[in-house]
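> Residue strings, one per chain:
There are 2 protein chains.
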Amino acid sequence: MTLRPSLLALALMLSPLPLLAADAPAKYRSAQEIIEASPASDWHTPAPENTLYMNLEGGRVIIELAPEFAPEHAGNIRTMAREHFWDGLSIYRSQDNFVVQFGDADADDSAKAKSMGSAKKHLPAEFQRPAKGLAFTALPDRDGWAPKTGFVGDFAVGSDGQQTWLAHCYGALGAGRNNDEDSSVGAELYVVTGQSPRQLDRNITLVGRVLKGMELLSSIQRGPEPMGFYENTAERTPIVSIQLASELPADQRVPLQVLRTDSKTFTDAVEARRNRVDGFYKRAAGHIDLCNIPLPVRVGAAVK
Amino acid sequence: MTLRPSLLALALMLSPLPLLAADAPAKYRSAQEIIEASPASDWHTPAPENTLYMNLEGGRVIIELAPEFAPEHAGNIRTMAREHFWDGLSIYRSQDNFVVQFGDADADDSAKAKSMGSAKKHLPAEFQRPAKGLAFTALPDRDGWAPKTGFVGDFAVGSDGQQTWLAHCYGALGAGRNNDEDSSVGAELYVVTGQSPRQLDRNITLVGRVLKGMELLSSIQRGPEPMGFYENTAERTPIVSIQLASELPADQRVPLQVLRTDSKTFTDAVEARRNRVDGFYKRAAGHIDLCNIPLPVRVGAAVK
Chain D
1 MTLRPSLLAL ALMLSPLPLL AADAPAKYRS AQEIIEASPA SDWHTPAPEN
51 TLYMNLEGGR VIIELAPEFA PEHAGNIRTM AREHFWDGLS IYRSQDNFVV
101 QFGDADADDS AKAKSMGSAK KHLPAEFQRP AKGLAFTALP DRDGWAPKTG
151 FVGDFAVGSD GQQTWLAHCY GALGAGRNND EDSSVGAELY VVTGQSPRQL
201 DRNITLVGRV LKGMELLSSI QRGPEPMGFY ENTAERTPIV SIQLASELPA
251 DQRVPLQVLR TDSKTFTDAV EARRNRVDGF YKRAAGHIDL CNIPLPVRVG
301 AAVK
Chain P
1 MTLRPSLLAL ALMLSPLPLL AADAPAKYRS AQEIIEASPA SDWHTPAPEN
51 TLYMNLEGGR VIIELAPEFA PEHAGNIRTM AREHFWDGLS IYRSQDNFVV
101 QFGDADADDS AKAKSMGSAK KHLPAEFQRP AKGLAFTALP DRDGWAPKTG
151 FVGDFAVGSD GQQTWLAHCY GALGAGRNND EDSSVGAELY VVTGQSPRQL
201 DRNITLVGRV LKGMELLSSI QRGPEPMGFY ENTAERTPIV SIQLASELPA
251 DQRVPLQVLR TDSKTFTDAV EARRNRVDGF YKRAAGHIDL CNIPLPVRVG
301 AAVK
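Protein chains in written order, with the numbering used here: chain D, 1 to 304; chain P, 1 to 304.
Just so you know, the hints here were simulated from the structure itself, not pulled from any lab data. Computed from a predicted structure; not experimentally measured. Be careful, since some hints might not be right.
Said to hold, decoys possible - Each computed SDA-like pair below joins lysine to any residue, with the alpha-carbon atoms no more than 25 Å apart:
| no. | chain 1 | residue 1 | chain 2 | residue 2 |
| --- | --- | --- | --- | --- |
| 1 | D | K282 | P | P130 |
| 2 | P | K132 | P | Q162 |
| 3 | D | K132 | P | Q162 |
| 4 | P | K148 | D | P140 |
| 5 | P | K282 | D | P197 |
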């Protein structure tokens, strides 16, 4: 790709990176070009025991659990997946620009509710955890929701330096609860499908994120306003099954690879998105918000 | 709604508003309660000549044009609506977490492209306009995309004090273009359906916003990656028609009302969302981003 002089000038003006000598200006590479040039060592495959396959009639949603942040909820979800809790249940809510929610639509009706089997019936709230012990990759920009933002492993997080928490970005997986902060058990789950509702951060236990297949959730017909719960049960989306990748033979698992957020490739790709310089962009933003950063995922040979 | 003492204490701690006397603490009201208590004078009905009805087989999307920001594009769109340019065309792109795009899928093929009739074939870029002369309601919080953010009329905007521009929030209507900044004519349009792509601000001409019916656009099946253009033309969503409300007899127009963003009701509702204090929220954010603020819209008797 050849840059036109005016755009290259813009790139140099706006770049926060050290400039090279004038006779050898840095060539702008798009995030995609940077990612395509990445070494294999920049990628990892999430642990199968933290990987959920949500099988819908229309395809498969792949979810990664976050036991570093919500060990009790992740543990309960693993138990319920092994015991086929969600198989035959449904996505029973889709609220525009907010969330889809799934599990047992009759969970609040003790006469109809499906048994949670050997899963725990009460869990502590897991809204945040100590920052200490986490490998945190900070972003260069500030937002108004958290003193610091960045990534821990495959997860977008906020932090105040003492405590760190998962952020409600597009694709985040949360554990629905009632008014009591410790009323979630991981049976009723939601996925963010709209503009990041960061006001929910540290108010609900987040327990993972969707890695692949968001389009299957985001395009579900919305339920009636204001909350999006389907009044007509026929409009719910059936869940064929939710299973742990670790329950399948290795050769039946999807060989998903995720770009490491602590790699130089990821840092460079974020920077390329902060300051876009190509034939299309006339003005580079010089900024990016946490929830505007996609996590690169590809399907290939499984890697460690 | 009775507040529990701990939550009320939190509300008072976090409130940036003057506190009342200790024996008469301010009762928290939700945004919905504030809006429901609003006087009729806080609402207005957008001008029919700035209101577009996009009629799909599944229902109607109502769009407001923003001639204060993009007079040339709004003018061309009015001309094309009057001349039925979009009737029988389609939504030919849906990219997950980004946009839907509609118009003439063959626009780039001069042999197949539909005639634009008497609409102008070239327009200036309308990325921003002077701040002077606009009634700007500022938000209390900063974001990283613009020095100031707020509302002008029904539109979310960024501003640097000299220039003001429409922001790429959920529901924003933009005019697709090629690489040249003045290559949009308003025939090919997009609506934001994902996390606000604010990096596009001041890079494309925005020309309005969806007021009602977003769920009809956001739930459209996504097209193939990476861009979401349908390879199979049968997957496109037909546009029955796009018409100006002003072309219809008054009694056939939808009596839509929009909350005035310069009203105390709107300011109070934003504040209630910045610091939520109810049985559910355990921690008020003390912050809100421009694109997290919904514009209250209702259907009722038309008002001035």
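> Any hints from earlier that this structure breaks? Give me their numbers in increasing order, please.
Going through the list in order, the structure violates hint 3 alone and respects the others.
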